[in-house]
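Protein sequences appear in the order of chains E and Z. Once you know that position 513 of the first sequence is 513 in our numbering, the rest is easy, because the numbers rise by one and skip nothing. Once you know that position 152 of the second sequence is 152 in our numbering, the rest is easy, because the numbers rise by one and skip nothing.
No lab work stands behind these hints: they were computed from the structure. Being a predicted model, the structure only gives us computed values, none of them experimental. Cβ atoms here follow ideal geometry from the backbone N, Cα and C, with glycine treated the same way. There could be a bad hint or two in this list.
Unchecked claim - Straight-line distance between alpha carbons at most 20 Å, and here's what the computed PhoX-like set of lysine-lysine pairs gives:
(1) K306(Z) <-> K393(Z)
(2) K370(E) <-> K189(Z)
(3) K306(E) <-> K370(E)
(4) K405(Z) <-> K393(Z)
(5) K189(E) <-> K370(Z)
(6) K393(E) <-> K405(E)
Said to hold, decoys possible - A few chain Z positions that, by computed beta-carbon distances, are all more than 12 Å from chain E:
(7) P181
(8) R324
(9) S479
(10) S505
(11) Q682
As the list claims (entries may be wrong) - Okay, the calculated beta carbon distance ranges per label pair:
(12) F315(E) <-> R3(Z): 29 to 35 Å
(13) P310(E) <-> V89(Z): 56 to 62 Å
(14) D214(Z) <-> V89(E): 27 to 33 Å
(15) P310(Z) <-> L4(E): 32 to 38 Å
(16) D97(E) <-> L560(Z): 46 to 52 Å
(17) G481(E) <-> P19(Z): 18 to 24 Å
(18) P310(E) <-> R182(Z): 47 to 53 Å
(19) Y90(Z) <-> D595(E): 54 to 60 Å
(20) P19(Z) <-> R187(E): 22 to 28 Å
(21) N179(Z) <-> A387(E): 47 to 53 Å
(22) E430(Z) <-> V89(E): 26 to 32 Å
(23) Y90(E) <-> E630(Z): 53 to 59 Å
(24) P5(Z) <-> E256(E): 44 to 50 Å
There are 2 protein chains.
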Amino acid sequence: MTRLPAEGRCRATIDAVLPNVDDGRYPLKRIVGERVAIEAHCYADGHDRLRAMLLWQIVADRQVADRQVADRQVADRRVADPEADVGEVYEVEMTADVDDVWRADFLPRVPGLYQYAVLAWVDPFDSWRHDLERRDDVQDIRVALSVGAALIEGAADRAASGDAESLRSWSAGLRTAANDPRSDGGRLKTMALDTGRTELARRHADRRFATRRDYTLIVDRKRAEFSAWYELFPRSSAVQPGRHGSFRDVEEQLPELARMGFDVLYFPPIHPIGRVNRKGVNNALAAAPTDVGSPWAIGATEGGHKAILPALGGFEDFHRLVARAAELGIEIALDLAFQCAPDHPYVTAHPQWFRRRPDGSVQYAENPPKKYQDIYPFDFESADWPALWRELKSVVDFWIDQGIKIFRVDNPHTKALGFWQWLIDAVKREHADVIFLAEAFTRPKLMLGLAKLGFTQSYTYFTWRNSKRELTSYFIELSTGPSREFYRPNLWPNTPDILPEPLQSGLRPVFAARLVLAATLSGNYGIYGPTYELLESAARESGSEEYLDSEKYQLRHWPLHRPDSLRSLITRVNRARRENPALQSNQELRFCTIDNDQVIAYWKRDAASGNVVLTVVNLDPLHVQSGWLELDLERLQLDPRMEFQVHDLLSDQRYLWRGPRNYVSLDPQRMPAHVLRLRRRQRRENDFDYFL
Amino acid sequence: MTRLPAEGRCRATIDAVLPNVDDGRYPLKRIVGERVAIEAHCYADGHDRLRAMLLWQIVADRQVADRQVADRQVADRRVADPEADVGEVYEVEMTADVDDVWRADFLPRVPGLYQYAVLAWVDPFDSWRHDLERRDDVQDIRVALSVGAALIEGAADRAASGDAESLRSWSAGLRTAANDPRSDGGRLKTMALDTGRTELARRHADRRFATRRDYTLIVDRKRAEFSAWYELFPRSSAVQPGRHGSFRDVEEQLPELARMGFDVLYFPPIHPIGRVNRKGVNNALAAAPTDVGSPWAIGATEGGHKAILPALGGFEDFHRLVARAAELGIEIALDLAFQCAPDHPYVTAHPQWFRRRPDGSVQYAENPPKKYQDIYPFDFESADWPALWRELKSVVDFWIDQGIKIFRVDNPHTKALGFWQWLIDAVKREHADVIFLAEAFTRPKLMLGLAKLGFTQSYTYFTWRNSKRELTSYFIELSTGPSREFYRPNLWPNTPDILPEPLQSGLRPVFAARLVLAATLSGNYGIYGPTYELLESAARESGSEEYLDSEKYQLRHWPLHRPDSLRSLITRVNRARRENPALQSNQELRFCTIDNDQVIAYWKRDAASGNVVLTVVNLDPLHVQSGWLELDLERLQLDPRMEFQVHDLLSDQRYLWRGPRNYVSLDPQRMPAHVLRLRRRQRRENDFDYFL
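Chain E on its own, in the form it takes in the complex (with noise of 0.2 Å):
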């Protein structure tokens, strides 16, 4: 006979605990500041009343550092929610709602790993209140009352020495009173259903049979979701043309990429590059004596993955750039490839790490019958992964040790998945706010595996959807689709990899249109800087998207103040994404109907300060395009009678709109785009500024 249950007396059922990543098996994601609202389906056999907890900790060890970072950037502070202590768990009652649908919600107010639980239990105490509120017979009232003080005694020896007593003198109280021949049912009723001390015995509930659903949470720093990126490699960054640039250069560069609004800095490998096999300008197999070589070919008899490439700078010239992009709001992004030149130390002290030729020669990574004969792939199926693994992990510790906390994570999906959960759950209970952004450039379901898994943030495919319909289709997907609950888009028009088709026209609106749409898709958006703000457009052969003169195979010099640069719409564009809160998240995103298929038009709204956003960009980069564009009034609460204004936060015009169509023109040869504030009409009078 089939073995009975442990226990048998756990009556209530938990069906689904919403929203949640495949049922629990990945965490969810939120950021700091942002409720977390659960429904759970619970119910139980019979009549009886049931009782639903949500309960939740933080399971991660957090730094006092941690905590700085949220109270900065907790923009929610109405609520005046505990500030949670790790380990300690919170409980909050769930309410039920119609159809067995329970509900609660806590705010989490810093970074971290969190658990929570749904706990459902059939309550004899609410059950037994239940039915005397229904009874009328002073009989079965004075029989009711008796099992209540014997439920409430049973409070009373769960609770701590303060309730206890109350509990038992309540107890003790309905006990007498229905012994008591003169005392009348409306009266034994009101003391037995006393609201105060019903609470006090809630609180100290038989949950004895409760059932339990586990689930975990990953809850991050608001740069998660609201970060802007630049890309650049500090050994093109001398002022000089030929000169290997620096450390000491870039720092130089701070003050302006702070102006042009960018938050996050990040660099390719600063690592020491491999000198066996280096490739050469253009990615010749061979490289000449002179060759830099690919940053990604990292280790030399200099070092590896915890060395810096000795022409960049030294250690004390890295702190320093940490330091000083702080003070300016900037963070320093590394880029984490786990991979090896043939001359990184580790391939002659971890020999076991890499997988061997029948000759006995390390296996270079190849995907026949291309070959990359200067990288050396780790081997994830070795005997000896556990090793690798931690010290893959002690190179993250390093440098966060420097100081640093966003990792740009080159080709995760060539690199064991398991690893990429153990390592990023083990850097987070440590250091919470670490960012981890997962480049890969793969299949969908992969793609949404690694965000699954853990990563902080995603390249996609936006870097390829060029028209209004695949921008439509792909967006409503990713702000959605399940992936909604744990994929937070970066959205990039170039990468050092990437020159799509589009931009090798060198035409400006498309660079410009691009550039908008990145910042206002998506709350993470990021340029690779100066190719992209310079419109370099030259790929290196015909079908190709790599850059010529690739500065991944030499030195490059960027004339970085020429008149034709972005920087101005650029600096623009950031500045509302930095006014504007429905531009900080991909909370709530429309795309509104528009009669011309060369005009896409959305707008974002965040619910909180109602801020909304309209962003109308015109896709054709050669021609005036105009149509009518469909707002829906009643989603957007915008009284159809009255007038609302639109303000262009790039060219700072203001006009009136009512109404749910209006008319939009967009030349590309001025500006392919609109990004336009919603501004309602104030109801005051005679007010100067009556758009709010």
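Assemble chain Z onto chain E, guided by the hints.
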């Protein structure tokens, strides 16, 4: 630091296994002979090749009888799957579709509890082969052959002797050829890519690092989804009015029930009826000495749940009845009502199974202010729950031993859900062909919850769904929502507890229409028989759904051969069900647009046979209703230019239709419904029977 996983080299991720019920927390349900088609989302890091396998096995102890039932009922014999043995694990290689979706299926041919699992792993041999296919440099090919030889030797090590020898000889051949300076690349590749030997090597794959996800499945015999139930009170089956009916009287009725087409004959409890607090006629509080009491007040001095009310006959009569019914293709279903009359032997033998009131008396059933003093519920929170559970299972086992395989479970939603889950699992492990029908009319999530935890069939809200809109939305939900994987509706237009308001009109067209709806909207349906076919319509009082002079509390006598009986219609409806596979499951149900709110139309289709039945019902009992009915010809694979025949299985009339819109008109006084079999014109000329 976070602990490392036990094994870090399992690189494959299995993300979703579909379909499933709550991500595998509950079993999927299928019918013998119905393919179990599984889709899994599998992926891994990098460019290596994945393999995935669907494993399945029968875990139940299954009896020879089960297999016989299965053999009789498997319709789909096209597939030559081996007949599965209990405990044996079968494997089906999954094949990759686009977007990392993998598929495989299997055909369960016997009822039982099944387990299945998806196994996915990065396959070194397939990866090697895939790489080799793309190589063209002869030196690279030589190296690859030597790598492959080692992999093939690994397969040989895992293989049994015959395969091992063959693999070793292949591997040796590859090594020799690779080292022979005369061999050219093409020939080496041909040798290494040898299809036959490849299959051999793949059979002994290296699965050490496979990822696995496990699921369960209940496979039922066909009757679980296709059954026509008839409910009667044996005590009212005497031919002479006033005499207490018996099993012998029921036996007399069997041939007529078989002629009418019923295959399940269900009795309310047949056990001794309590005398303490017995209810009188029409649920009167006090019974007269001659009152027979409610069969649901189970247990008296004569015995309890394992005894038979002496007036109905003895076990010999019962066995004769069961055997005679079986000969006629009818199964007897009993009522499992787990509750006791105050004089049930359990009350004294196991006082700990009942809750006590403060005065020490047993707590009767109550829903204040209502009291049911003739019923003692079991206390599922009793500390002695293990003994209670085991005893209740012994009741089921007892009746299985008497030849009963179908149980209608009374109010399962008022007994602990965990108990049912255990009971059904335990019973089905030993007797896979047992069917449990959940008689729960309660809240939606609880109804679905009972089906999830294992009930084979479920009562539904059909009983109160009358309008076209109500019926349409409810059956779209049941046939296309997630519950279709586990909830098998059994539709009842009436029960001894429910005389729905429309039937209280006594109008024959209402009874006819509700019958046709029940019998065609679901594979399973039932009627509370004599009252239904005789159009019994009197309620106990206005606003009540209780029958006046209900058989629940008194003997009744039914003039079964009254000329206005619905028997002839019932017979035709059941014949249509037996002759049309479309009506025998709920695979595909589609509602048709029709421009009249009083007329509902829908078709069902059986995929294997292509059989399609279109049902049209006039919901207005008083007036002729007509309309233009729209058929989705494309979905039905009907040529819009060709005539097709609709053959009314109730009237035997045939009509020729063409195109998507056709006219229907139904006079409720004649027949409020069409049950139309669609017959396609055959292409052969001059063939007399040219519609099939």
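Indices of hints not satisfied (ascending): 3, 20, 21, 22
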